[in-house]
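Enquirer: For the protein sequence lines, the chains are B and E, in the order given.
What the first sequence shows, in this note's numbering, is residues 7 to 170, in sequence order.
What the second sequence shows, in this note's numbering, is residues 7 to 170, in sequence order.
Hint data in this document are derived by calculation from the structure and do not stem from the laboratory.
Bear in mind that the values here come from a model prediction, so they are computed numbers and not experimental data.
Be a bit skeptical, because a hint or two may be false.
No copy is singled out in the list; a pair is fine if it fits within one copy or between any two copies.
Unchecked claim - Within a straight-line C-alpha distance of at most 25 Å, the following computed DMTMM-like cross-link-like pairs (lysine to aspartate or glutamate) qualify:
#, residue 1, residue 2
1, LYS46, ASP66
2, LYS19, ASP103
3, LYS19, ASP101
4, LYS46, GLU153
5, LYS46, ASP33
There are 2 protein chains.
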Amino acid sequence: MSKAARFPAPTTKSESEEGTTFAPHFDADGLVPVVVTSAKTGEVLMLAYMNEEALARTIDTGEAHYWSRSRGRLWRKGEQSGNAQRVVEMRADCDQDAIWLRVEMTGAGAACHTGRRTCFYRTILSAGPGGGVTLSFDEAERQFDPEAVYRHAGAAKRTLKSSE
Amino acid sequence: MSKAARFPAPTTKSESEEGTTFAPHFDADGLVPVVVTSAKTGEVLMLAYMNEEALARTIDTGEAHYWSRSRGRLWRKGEQSGNAQRVVEMRADCDQDAIWLRVEMTGAGAACHTGRRTCFYRTILSAGPGGGVTLSFDEAERQFDPEAVYRHAGAAKRTLKSSE
Chain B
7 MSKAARFPAP TTKSESEEGT TFAPHFDADG LVPVVVTSAK TGEVLMLAYM NEEALARTID
67 TGEAHYWSRS RGRLWRKGEQ SGNAQRVVEM RADCDQDAIW LRVEMTGAGA ACHTGRRTCF
127 YRTILSAGPG GGVTLSFDEA ERQFDPEAVY RHAGAAKRTL KSSE
Chain E
7 MSKAARFPAP TTKSESEEGT TFAPHFDADG LVPVVVTSAK TGEVLMLAYM NEEALARTID
67 TGEAHYWSRS RGRLWRKGEQ SGNAQRVVEM RADCDQDAIW LRVEMTGAGA ACHTGRRTCF
127 YRTILSAGPG GGVTLSFDEA ERQFDPEAVY RHAGAAKRTL KSSE
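So that you can see chain B by itself, here it is in the shape it has in the complex:
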C-alpha cells in the first residue's frame, strides 16, 4: 500500500485484550467481521465485513461502510437503497478481531438487501437430536421491494455513468 496504515498493527495478546490502543486484527483477506445491531430495539440486523478503509470511513463519517465480498468493493450502506446506518456506538472485542456497531437505520429501516428489517428473519428449528433441521419465517415482512429499489438504483447509476 502506498498509503500509511490508518491503524497500528496488533502487538501482544495482553496489549490487544487489556490496552487502550485500537489495533484491529484483520484476517488473511484483510477483513474484520462486524455485528450490527439496532440501537433502538437491540435486535441483530446483519453481520458484515470491513476492510481497513471501510473501518476508517465509518469512524470518520459516522456512516456505516463495509467491504462487499460478493461485489469485491467498498460500499456505503444504503448508497443504493437509501437504508443507511448512522453509527451510535462502536465497540471492539477482547482480541480486537470483531467489531460491534450499534446503529440507527434511515430510509425504510430495512437492513437486509431482501427488503427486511433484519437479515435474521428465519428461526432454525430442529425435529430433535440427529433429526431434520428447517427454517421458519418470522420477522420477515418486507419494508421495501428489492426488485424495484435495486433495479431503479441500478438504472439511475447506469444513466449517470453514460452521461459522464
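Fit chain E to the supplied structure of chain B, relying on the hints for placement.
Expert: Leaving out everything else, chain E in the frame of chain B:
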C-alpha cells in the same frame, strides 16, 4: 469425511434466501460466524465460529459448541470455566452464512475468557476525522478471575489425564 454431512449443501441464492431448508454456507475453512447475544439483556456477548460438528452438537444438545480457531479443536462453551450457554433461539441470516444465537449464560455469567460478561467491553473513540482512535473500558468488570479459573481447570485436567 467418512461421515455423511449433517446439513445439505447450499443450492441457489433464491433457495438460500427464501427457502425453509437449512443449508448453512461454511467458508473456505469450513466455518460459519456466530453472533451470540444474551436472551435476557439483548447485549452482544461474543462472536465465535462453528464448524459442521459444532453446529450439529449445538442444535442437538441445546448447549453452545464452537470451533476454537486458536486451539484448533471443538469446544463446548464453559467446559473449563463453567460459563456455559443454553440456547434459547437460533436464527439464520439471508444467505445462510451467519448464525445468531440467543443464549442464557450459566455459571458466573461471563461469556468472555477474560472473565467479563461480554467480549465487547471497550468502546471505540475517535478524536475526529483522520485523527487518533482509542479504546475506552466500560462493561469491563470481571465476573471471575481467568488466571485462577483456567489454571485450576488446566490442573484438574492434567490430574485426570495422568490418573487414567
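Enquirer: Against this structure, judge whether each hint is valid.
Expert: Now the hints, each set against the structure:
1. LYS46 x ASP66: For LYS46 and ASP66, only the intra-copy Cα distance (22 Å) is at most 25 Å; the inter-copy one is 33 Å.
2. LYS19 x ASP103: within (12 Å within a copy, 28 Å between copies)
3. LYS19 x ASP101: Answer is within: at 7 Å inside a copy they meet the 25 Å cutoff, but 33 Å across does not.
4. LYS46 x GLU153: neither (28 Å within a copy, 37 Å between copies)
5. LYS46 x ASP33: neither (30 Å within a copy, 31 Å between copies)
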